Amino acid sequence: AQTVTQSQPEMSVQEAETVTLSCTYDTSESDYYLFWYKQPPSRQMILVIRQEAYKQQNATENRFSVNFQKAAKSFSLKISDSQLGDAAMYFCAYRGGSQGNLIFGKGTKLSVKP
Amino acid sequence: NAGVTQTPKFQVLKTGQSMTLQCAQDMNHEYMSWYRQDPGMGLRLIHYSVGAGITDQGEVPNGYNVSRSTTEDFPLRLLSAAPSQTSVYFCASSKSAPSDEQYFGPGTRLTVT
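In order, the protein sequence lines correspond to chains A and B. Here the numbering used here is used: the first residue of the first sequence is 2, the next is one more, and so on. Here the numbering used here is used: the first residue of the second sequence is 2, the next is one more, and so on.
Rather than coming from a laboratory, the hints here were simulated on the basis of the structure. Where hints are given, some of them may not hold.
[To be verified] Using 25 Å as the maximum straight-line C-alpha spacing, the simulated DSS-like pairs for lysine-lysine come out as follows:
id : chain 1 : residue 1 : chain 2 : residue 2
1  : A       : 56        : A       : 71
2  : B       : 10        : A       : 107
3  : A       : 107       : A       : 71
4  : A       : 74        : A       : 107
5  : A       : 110       : A       : 79
6  : B       : 10        : A       : 110
7  : A       : 74        : A       : 56
8  : A       : 56        : B       : 96
9  : A       : 56        : A       : 110
[Unchecked claim] FRET-style restraints, in silico, Cβ to Cβ:
id : chain 1 : residue 1 : chain 2 : residue 2 : range
10 : A       : 57        : B       : 102       : 37 to 47 Å
11 : B       : 57        : A       : 32        : 13 to 23 Å
12 : A       : 19        : B       : 58        : 37 to 47 Å
13 : B       : 42        : A       : 19        : 21 to 31 Å
[Said to hold, decoys possible] Here are some chain B residues the structure puts well away from chain A; computed CB gaps all over 10 Å:
id : residue
14 : 2
15 : 6
16 : 8
17 : 17
18 : 19
19 : 61
20 : 68
21 : 80
22 : 84
23 : 86
Computed from a predicted model, the values in this text were never measured in an experiment. Note that beta-carbon positions come from the ideal geometry of N, C-alpha and C, so glycine has one too.
Please take these sequences and the hints and turn them into a complete structure.
See below:
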């Protein structure tokens with residue numbers, strides 16, 4: 002069975018600084034997709050970024066980028082120029098190529114200090 | 002598009018009561034699912050559906066029932082509520098491909114006393 006592990010329950014970053022959130026996963030599949038979701042205090046789940054396993058190039062969305070290391074099964078999220086609005090829970094998620102269910106990590110709570 | 006809608010937003014039940022959490026989407030998505038979120042546990046899959054008339058169990062299905070009679074609606078039924086079912090419930094939908102983004106509803110906070 003696939004598993005997703007986020008080893009940092011909480012992280013803190015100074016406004017305008019850079020922070021990296023860690024995620025590792027375990028799978029025997031070769032075709033899969035990885036996602037980072039943001040959950041602010043409003044509770045709404047918001048997709049931040051996605052990575053296809055077959056793509057070697059790391060995905061980037063504005064201030065958000067990933068470091069995808071397929072051999073190491075690692076999928077970290079880097080947030081550059083952190084803003085107060087980035088404070089939220091961040092969830093790493095896996096979705097296999099043969100079925101559509103998302104498997105989530107337990108989340109990392111990010112605080113941003115002014 | 003309204004996206005994914007869930008009702009109610011909040012609910013308090015007594016142990017043993019039954020209720021239905023409603024979920025609807027207007028994006029013609031084939032795939033729909035229900036998750037529960039508990040502190041420190043992330044989101045865990047309860048049930049999912051890959052199309053009208055097709056449902057299957059997820060990681061934590063006990064105590065819940067689902068049906069999918071239309072593409073748009075995917076209600077979650079609590080048969081006999083227990084305090085262990087106190088949680089935040091999310092409905093999500095997506096197109097059928099695994100690469101497709103899952104869109105989440107706003108969640109329902111359920112408390113069982």
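Hint check:
For the given pair, residue 56/A sits about 10 Å from residue 71/A by alpha-carbon distance, which is consistent with the 25 Å threshold. Taken as a hint, the residue 10/B and residue 107/A pair is honoured in the structure, with Cα atoms around 23 Å apart against an allowance of 25 Å. Our distance criterion of 25 Å between C-alpha atoms is met by residue 107/A and residue 71/A, whose separation comes to about 21 Å. At most 25 Å may separate the alpha-carbon atoms for a hinted pair to count; residue 74/A and residue 107/A meet this at roughly 17 Å.
Of the supplied pair hints, the one linking residue 110/A and residue 79/A holds, its CA atoms being roughly 14 Å apart against a limit of 25 Å. For a cut-off of 25 Å, the pair hint linking residue 10/B to residue 110/A stands: about 23 Å separates their Cα positions. Annotation: proposed proximity of residue 74/A to residue 56/A holds, straight-line Cα distance about 14 Å (limit 25 Å). For the suggested pair residue 56/A and residue 96/B, the alpha carbons sit about 21 Å apart, so the restraint of at most 25 Å is met.
A distance of roughly 28 Å separates the Cα atoms of residue 56/A and residue 110/A; the hinted pair therefore is violated under the 25 Å criterion. Checked against the hint of 37 to 47 Å, the C-beta distance between residue 57/A and residue 102/B comes to roughly 22 Å, which is inconsistent with it. For the pair residue 57/B and residue 32/A, the supplied restraint of 13 to 23 Å holds, since their beta-carbon distance comes to about 20 Å. Taken as a hint, the range 37 to 47 Å holds for the pair residue 19/A and residue 58/B, whose Cβ atoms sit roughly 41 Å apart.
Checked against the hint of 21 to 31 Å, the pair residue 42/B and residue 19/A passes, with Cβ atoms roughly 29 Å apart. Residue placement check: residue 2/B keeps its beta carbon more than 10 Å from all beta carbons of chain A (closest about 16 Å). The claim that residue 6/B is not at the interface with chain A holds, since no C-beta of that chain comes within 10 Å of its own (minimum 13 Å). Distance to chain A confirms residue 8/B as a non-interface residue, since its nearest Cβ pair spans about 15 Å, more than 10 Å.
No Cβ of chain A comes within 10 Å of the Cβ of residue 17/B; the nearest lies about 27 Å off, and the non-interface call holds. With a minimum CB-CB distance of about 25 Å to chain A, residue 19/B clears the 10 Å threshold, and the non-interface call stands. Chain A leaves residue 61/B outside its interface by the beta-carbon criterion, the shortest separation being 12 Å against a cut-off of 10 Å. Listed as outside the interface, residue 68/B is consistent with that label: its C-beta sits roughly 18 Å from the nearest C-beta of chain A, beyond the 10 Å cut-off.
For residue 80/B, the non-interface assignment is confirmed: its Cβ lies about 23 Å from the closest Cβ of chain A, beyond the 10 Å cut-off. Distance to chain A confirms residue 84/B as a non-interface residue, since its nearest Cβ pair spans about 21 Å, more than 10 Å. Every Cβ of chain A is farther than 10 Å from the Cβ of residue 86/B; the closest lies at roughly 18 Å, confirming the non-interface assignment.
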